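Taking the hints into account, I'd like the entire structure generated from these sequences.
Sequence order for the protein chains is E and F. Under our numbering, the residues of the first sequence are numbered 41 to 204, in order. Under our numbering, the residues of the second sequence are numbered 394 to 767, in order.
The hints are simulated quantities; they were obtained by calculation from the structure and are not laboratory data. Hints may be right or wrong, so weigh each one.
Unchecked claim - Here are the simulated lysine-lysine pairs, DSS-like style, with alpha carbons at most 25 Å apart: (1) F:Lys-651 <-> F:Lys-575; (2) E:Lys-172 <-> E:Lys-136; (3) F:Lys-694 <-> E:Lys-43; (4) F:Lys-602 <-> E:Lys-43; (5) F:Lys-575 <-> E:Lys-64.
Stated by the list, open to error - Quick list of the computed label-pair ranges, beta carbon to beta carbon: (6) E:Asn-140 <-> F:Phe-533: 46 to 54 Å; (7) E:Ile-124 <-> F:Phe-533: 51 to 59 Å; (8) F:Asp-431 <-> E:Leu-59: 34 to 42 Å; (9) F:Ser-447 <-> E:Ser-135: 31 to 39 Å; (10) E:Ile-42 <-> F:Lys-602: 50 to 58 Å; (11) E:Lys-43 <-> F:Glu-450: 37 to 45 Å; (12) F:Phe-533 <-> E:Lys-131: 21 to 29 Å; (13) E:Gly-99 <-> F:Thr-527: 49 to 57 Å; (14) E:Val-53 <-> F:Ser-737: 55 to 63 Å.
As the list claims (entries may be wrong) - Some chain F residues flagged as far from chain E (calculated, every beta-carbon gap over 12 Å): (15) Pro-418; (16) Pro-440; (17) Met-521; (18) Ile-596; (19) Asn-614; (20) Asp-664; (21) Ala-677.
These figures come from a predicted structure and were not determined experimentally. Where a beta carbon is used, it is the ideal one built from N, C-alpha and C, also for glycine.
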Amino acid sequence: MIKYLFDLVKGIVSLFEGLGVTLKHCFRRPITLQYPEKRPDISLRFRGRLVMPVDPATGDNRCTACMLCVRACPNHSIDVEKLIGEDGKPKPKVSKYIYNLGSCMFCNLCVESCAFAAIIMSDEYETAVQNKASLIMDLAAEKYKLSGKKAPWWQSKFKQEEGA
Amino acid sequence: MIKAPFEMEKISDEEYILNMGPQHPSTHGVLRIVLKLDGEVVTGLYPDVGYIHSSVEKMCENKKFEMITPYTDRLDYLSAVNYNWAYVAAVEKLMGIQLPERAEYMRVMLAELNRIMSHLLWYSAFGMDVGALTPIFYAFREREEVIDMVEGMTGGRLTHHAFRIGGFKNDLQKDFLSRLEKFLAKFEDRICEYEALLINNVILTARTKGVGILDKDTAINYGVTGPVLRGSGCAIDLRKNAPYSVYSKFDFRVCTGKNGDTWDRLKVRMDEMRESAKILKQAAAMLPAGEFCAKVPRVIKPAPGEVYTKVESARGEFGVYMVSDGTEKPYRIKFRSPSFSNLSVLKEITIGSKIADVVAIMGSLDLVIPEIDR
Numbered sequence: 041m042i043k044y045l046f047d048l049v050k051g052i053v054s055l056f057e058g059l060g061v062t063l064k065h066c067f068r069r070p071i072t073l074q075y076p077e078k079r080p081d082i083s084l085r086f087r088g089r090l091v092m093p094v095d096p097a098t099g100d101n102r103c104t105a106c107m108l109c110v111r112a113c114p115n116h117s118i119d120v121e122k123l124i125g126e127d128g129k130p131k132p133k134v135s136k137y138i139y140n141l142g143s144c145m146f147c148n149l150c151v152e153s154c155a156f157a158a159i160i161m162s163d164e165y166e167t168a169v170q171n172k173a174s175l176i177m178d179l180a181a182e183k184y185k186l187s188g189k190k191a192p193w194w195q196s197k198f199k200q201e202e203g204a
Numbered sequence: 394m395i396k397a398p399f400e401m402e403k404i405s406d407e408e409y410i411l412n413m414g415p416q417h418p419s420t421h422g423v424l425r426i427v428l429k430l431d432g433e434v435v436t437g438l439y440p441d442v443g444y445i446h447s448s449v450e451k452m453c454e455n456k457k458f459e460m461i462t463p464y465t466d467r468l469d470y471l472s473a474v475n476y477n478w479a480y481v482a483a484v485e486k487l488m489g490i491q492l493p494e495r496a497e498y499m500r501v502m503l504a505e506l507n508r509i510m511s512h513l514l515w516y517s518a519f520g521m522d523v524g525a526l527t528p529i530f531y532a533f534r535e536r537e538e539v540i541d542m543v544e545g546m547t548g549g550r551l552t553h554h555a556f557r558i559g560g561f562k563n564d565l566q567k568d569f570l571s572r573l574e575k576f577l578a579k580f581e582d583r584i585c586e587y588e589a590l591l592i593n594n595v596i597l598t599a600r601t602k603g604v605g606i607l608d609k610d611t612a613i614n615y616g617v618t619g620p621v622l623r624g625s626g627c628a629i630d631l632r633k634n635a636p637y638s639v640y641s642k643f644d645f646r647v648c649t650g651k652n653g654d655t656w657d658r659l660k661v662r663m664d665e666m667r668e669s670a671k672i673l674k675q676a677a678a679m680l681p682a683g684e685f686c687a688k689v690p691r692v693i694k695p696a697p698g699e700v701y702t703k704v705e706s707a708r709g710e711f712g713v714y715m716v717s718d719g720t721e722k723p724y725r726i727k728f729r730s731p732s733f734s735n736l737s738v739l740k741e742i743t744i745g746s747k748i749a750d751v752v753a754i755m756g757s758l759d760l761v762i763p764e765i766d767r
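Written as structure tokens, this is what we have:
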């Protein structure tokens with residue numbers, strides 16, 4: 041009988057302890073973000089989708105079609121075609137950079153393998169598309185302009201991490 | 394011999410078959426459990442795995458060594474770093490790479506943050522399983538902070554791809570230590586709040602105490618590891634018993650339970666978060682300056698041979714057995730995943746209990762399905 045009463049009191053106390061925690065939260069500031077209107081602060085090293093930005097110094101991309109990223113990719117998401125000059129010989133320039141967003145697993149190995157820092161994982165995280173064909177894109181033709189805090193990092197070829 | 398599911402067996406008129414899953418919310422993934430029930434009491438149980446089998450081990454045989462690391466992330470998306478670690482350590486052991494001191498401490502810190510991440514998710518998911526909706530909102534708040542920290546360091550939120558063979562690609566970001574300090578300062582209080590909210594709650598204790606008792610011998614016989622084994626009172630933790638990396642330098646306790654019931658497994662995980670916070674504090678204080686990556690040859694070609702490395706992941710012992718034949722690709726990789734052996738013990742501890750307890754027991758085992766199916 042005494043044990044029963046003891047357990048009863050203990051149970052009620054434990055319930056109020058839990059309710060006390062929830063009550064405390066009534067007076068704390070909310071941490072939620074009103075998402076589509078307010079955006080979170082994306083960290084510098086965040087890996088969004090792959091882009092090949094245009095270098096503002098030259099007005100063109102830095103890619104030399106050396107195929108290093110193609111070989112580094114674990115699941116063959118990248119395909120590169122070299123530019124063929126008028127004399128019929130291949131030039132160290134990319135004509136088509138086919139990137140399959142559907143099979144990419146955002147591992148950053150292609151960016152790390154690139155000797156010229158031609159590509160970078162951007163901070164774009166809303167990558168949903170309406171149909172499957174638009175997942176395969178040509179990054180060289182896209183002429184992506186990198187902005188935000190990733191831009192100076194990419195300009196310095198990943199050497200200076202400002203604001204990291 | 395593989396035992397047939399109960400559909401094939403002849404059952405009596407009193408009993409009936411119930412499928413739990415493959416799309417059941419409390420299985421946390423695509424796992425089907427065939428239950429044989431007599432009224433509300435479970436008389437037979439058959440876990441049917443393999444729905445999302447991805448043949449990772451076979452895939453790894455066609456990948457170069459440095460390409461496999463992102464695949465190990467995907468085995469367990471809740472504590473990816475530990476799985477990276479076992480694989481990367483296997484290659485390093487074969488190649489005889491000695492890590493710089495700073496890299497070892499960074500690895501410990503990321504692994505412990507990952508353990509906290511994983512346990513917080515388990516806590517919130519377990520609350521959902523037994524019908525408590527509040528814990529998920531509170532635990533995810535802290536989990537978000539941890540994820541942001543790890544994301545700032547590695548770039549990924551869940552599949553971090555944090556480790557490279559020989560160390561790291563990037564150093565810790567500048568504000569990592571200050572954020573960690575800020576987080577740890579309040580985390581202890583938060584764990585106490587979690588315990589007051591759910592673990593010590595009278596309704597939960599009534600549902601979990603004495604339910605799903607796993608005794609020590611059965612646990613060892615089934616190869617159960619991790620918090621589930623420690624909940625049965627067996628103080629085996631690879632960080633203490635076979636210390637890898639710099640774990641021997643830290644002062645922490647191996648948390649154990651007494652009875653091996655569901656509540657003990659919950660308590661062990663809550664205590665483990667405290668111990669992880671303790672390790673993080675020590676690691677942040679002891680973090681040396683210097684290099685964060687060893688000198689690694691450009692082409693990774695380990696010498697022929699075989700190796701087994703194991704780490705204590707958030708779920709138990711994760712091991713990698715690897716055979717190399719001296720080429721750029723491994724000859725064979727076998728992953729020893731903790732959830733698989735933890736699932737196999739489910740039958741032993743569930744039979745005889747009520748159907749509602751199956752959900753609580755499964756939640757306390759903390760299963761991750763991609764890791765079971767591999």
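Checked hints:
1. F:Lys-651 <-> F:Lys-575: This hinted pair is violated, its Cα atoms lying about 34 Å apart.
2. E:Lys-172 <-> E:Lys-136: holds (19 Å)
3. F:Lys-694 <-> E:Lys-43: violated (68 Å)
4. F:Lys-602 <-> E:Lys-43: holds (17 Å)
5. F:Lys-575 <-> E:Lys-64: holds (20 Å)
6. E:Asn-140 <-> F:Phe-533: 46 to 54 Å: Since E:Asn-140 and F:Phe-533 have Cβ atoms about 32 Å apart, the given range 46 to 54 Å is violated.
7. E:Ile-124 <-> F:Phe-533: 51 to 59 Å: Hint holds: Cβ distance 53 Å, inside 51 to 59 Å.
8. F:Asp-431 <-> E:Leu-59: 34 to 42 Å: Holds - the Cβ-Cβ distance for F:Asp-431 and E:Leu-59, about 38 Å, lies within 34 to 42 Å.
9. F:Ser-447 <-> E:Ser-135: 31 to 39 Å: Cβ of F:Ser-447 to Cβ of E:Ser-135: about 35 Å, so the range 31 to 39 Å holds.
10. E:Ile-42 <-> F:Lys-602: 50 to 58 Å: violated (20 Å)
11. E:Lys-43 <-> F:Glu-450: 37 to 45 Å: Violated, since E:Lys-43 and F:Glu-450 (Cβ atoms, about 54 Å apart) do not stay within the stated range.
12. F:Phe-533 <-> E:Lys-131: 21 to 29 Å: Given range 21 to 29 Å: violated, Cβ gap about 52 Å.
13. E:Gly-99 <-> F:Thr-527: 49 to 57 Å: holds (56 Å)
14. E:Val-53 <-> F:Ser-737: 55 to 63 Å: violated (39 Å)
15. Pro-418: At about 23 Å from chain E, F:Pro-418 clears the 12 Å cut-off, so the statement holds.
16. Pro-440: Consistent with the label, F:Pro-440 stays out of reach of chain E, its closest Cβ about 29 Å off (over 12 Å).
17. Met-521: Non-interface label stands for F:Met-521: nearest chain E Cβ at 16 Å, farther than 12 Å.
18. Ile-596: violated (8 Å)
19. Asn-614: It holds; F:Asn-614 is separated from chain E by about 35 Å at its closest Cβ, greater than 12 Å.
20. Asp-664: holds (18 Å)
21. Ala-677: holds (18 Å)
In the structure shown, a violation is registered for the earlier hints numbered 1, 3, 6, 10, 11, 12, 14, 18, in ascending order.
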